[in-house]
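Visitor: Given next are the chains, with one letter for each unit.
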Amino acid sequence: MYLKVRVIENRFVGHPSQKIYRLVLSGQLALKAKPGQFIHLRVAESHDPLLRRPLSIAGIDREQETITIYYRLMGKGTEALSQIRENDYISVIGPLGTSFTLAQKGEILLIAGGIGIFPLFSLLEAIDRTKVQVKLFWGGEHKLFLESAGLNYLQKLGIDYELATMDGSLGHKGLVTDLLQGYLEKRALNSNPALQSNRGLAPLSAAACGPKGMLQAVVNLCKQHEIPVEVSLEERMACGVGACLGCVCTVREEGGILRRKRVCKEGPIFAGEEVVWDDEI
Amino acid sequence: MTKSEQSTKQNKVCLETKLNGLTLRNPVLTASGTYGFGEEYAPYCSVAQLGAITVKGITPLPRLGNPVPRLAETPAGLLNAVGLENPGLEDFRKNYLPKLAALDTAVIVNISGFSLEDYALLAGTLDEASAEYGNCIKALEVNISCPNIQDGGMAFGTDPQSAEQVIALVRKNTKLPIIAKLTPNVTDITEIAKAVESGGANIISLINTLLGMSIDISTQRPVLANKFGGLSGPAIKPVALRMVYQVFEAVNIPLIGMGGISTWQDAVEFMLAGASAVSIGTANFVNPLAPLDVLHGLVDYCEQRGYKASRELVGLAH
Ligand SMILES: Cc1cc2nc3c(=O)[nH]c(=O)nc-3n(C[C@H](O)[C@H](O)[C@H](O)COP(=O)(O)OP(=O)(O)OC[C@H]3O[C@@H](n4cnc5c(N)ncnc54)[C@H](O)[C@@H]3O)c2cc1C
Ligand SMILES: Cc1cc2nc3c(=O)[nH]c(=O)nc-3n(C[C@H](O)[C@H](O)[C@H](O)COP(=O)(O)O)c2cc1C
Ligand code: FES
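Line order of the protein sequences matches chains Y and A.
Counting from 1, position 28 in the first sequence corresponds to residue 69 in the numbering used here; the numbering is continuous, with no gaps.
Counting from 1, position 98 in the second sequence corresponds to residue 100 in the numbering used here; the numbering is continuous, with no gaps.
Hint data in this document are derived by calculation from the structure and do not stem from the laboratory.
Misleading hints may appear alongside valid ones.
To be verified - Per the computed footprint, the stretches of chain A lying under chain Y, defined by three or more beta-carbons under 8 Å from a beta-carbon of chain Y, are:
# : region
1 : 36-46
2 : 58-70
3 : 75-88
4 : 284-298
Note that the coordinates shown come from a computational prediction; the quantities given were computed from them, not determined experimentally.
We put the beta carbon where it would ideally sit given N, CA and C, even for glycine.
Please take these sequences and the hints and turn them into a complete structure.
Guide: Spelled out as structure tokens, the structure:
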């Protein structure tokens, strides 16, 4: 869809130093949107910033017909976006791209690095937690960041989570992948050795979003433990609809042939095992 | 305004655009590399209302293109270093051409090579392939101007002799109208324009992107993996306009003007400078309806000024 939508809310949340904003948009977008998809926003009717900015859909409310976005001020584009007032109209293309697979039973592990938590919010919302057990691992710079980027939302949901911060101000001091590794190793030890690996347990899957280095580590851990994992990739975008080939990632096809895929069209959600990371090409 | 009002309005101003062997229903096209293979923007902008679409540059063999980052935004502009990623001639012929043939618009295929043989092969094969699919290719746009690949590409477009040679060779291998696409990265664009005219080009399109770069001051490295990229968008419009104006005075074949066109006012400027048609590139990324906004604005302008046909505008600024 290509339309103008009304801004219901656009204000910073959490501590001002963390520069995180919540944007709520009204309109039929909500009826079509799926967890993991993104929208391409015209942040200003100007030549500078010129291009649209891609932002993930973090919340979908079909009844109220609203979608929620969380964004962090980075540069000109997000700066311009933060100036838009409530009740203004803003041009949107979307929802765009692929979505996360919704687990129907068993257990799902969610792994987020920094603002990579935002697209996972929409997945969390959509999972039927009476049937699927959710475990979330989230790493950030420090306590203030995690608190500003939605920690109390997670607490309200009452899901099981573990946190990591670089400075140790909250949770484990270190990387979120340390937490994942610890969890998977413990789980493997507890599983029935007669059944080998984790095939005897409830079906386990994973979804992750964050910086490329983190995603690569997550995919490697999941491979070791034979867990299917979906990753949400980010790349600089111009068109957002597959026309410019600006946003590609590399994948390996059967027979080892390398191919490009467009993050905006064939992604942003990819099966972890198909992605070839920059240092593996 | 309703759709029917719009179309009756368009009927009052003749939009038919005759380009020396290529006839289009109106003078608004989309630019190569910015419009995929015609289907990407279909949900947002009906191709049936466009004069033509120009598809991504095709090379004989498939290309993975450059690593990412391939894009960097600059003030009023976009740097890209896609590096001619494309499926290659065989795959294009088999899997893309049939779909293009089904589109309700004129299709122009952009071709790029690294050697003279490449251009000959592309021209000959596409000539045949077009005939197989109901003559669906209306023209070949010969890209002798790509700044994003190491060898070839732009090299052919910066030397008048090589430019003439490439076009003459393509001429020998195809009956399709030839559009020679010029690079602005030269000292005197009129020399190259005259050379492709004598090589047998029917039409000249200009400009391709301007070679540029961007540096990230936090990492102190170039933003683009390729270091350099091609600048497009509103930032290059004055340069493009000047070149169209100069080339109009230097040759006798029609011009397709492009470079930073995002509004109908921009398009009118290009036509006044001497472009018989205009192509929309980067503006699509911002406003998927840009080509139609341009078209409708052009019609209104002609009507208000009492022109019966949009072609009356061409070159009036001289
Ligand atoms: C599919 C997708 C979903 C995203 N979802 C979110 C989200 O939910 N919340 C959020 O805060 N951010 C999200 N981003 C990142 C967001 O698009 C960028 O932070 C934003 O475009 C930066 O624009 P700027 O002008 O403020 O910063 P700039 O000054 O342009 O750039 C600052 C930094 O942001 C990065 N960046 C710039 N342009 C882009 C771009 N077009 N795409 C990706 N990164 C870019 C660059 O690494 C750059 O160093 C997402 C990106 C993608 C591709
Ligand atoms: C992402 C991108 C890819 C492009 N790819 C090609 C290409 O394959 N062949 C070509 O001749 N021109 C290519 N171009 C150049 C455009 O067709 C056009 O000449 C240029 O962008 C100027 O127009 P604009 O400012 O309206 O975009 C590309 C431009 C962009 C932005
Ligand atoms: S942003 Fe243009 S192809 Fe993805």
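Visitor: Establish whether the coverage given for the region 36-46 of chain A by chain Y is satisfied; the threshold is a Cβ-Cβ distance below 8 Å, and no fewer than three residues must meet it.
Guide: Three-residue rule met by the region 36-46 of chain A, so holds; n is 7.
Visitor: With a C-beta cutoff of 8 Å, work out whether three or more residues of the region 284-298 of chain A approach chain Y closely enough for the coverage to hold.
Guide: That given contact holds, which follows from 7 residues of the region 284-298 of chain A lying within Cβ reach (below 8 Å) of chain Y.
Visitor: Taking beta carbons only, do three or more residues of the region 58-70 of chain A come closer than 8 Å to chain Y?
Guide: holds (count 5)
Visitor: Examine the region 75-88 of chain A for residues whose CB is less than 8 Å from any CB of chain Y, and state whether their number is three or more.
Guide: holds (count 8)
Going through the hint list in order, the structure satisfies each hint without exception.
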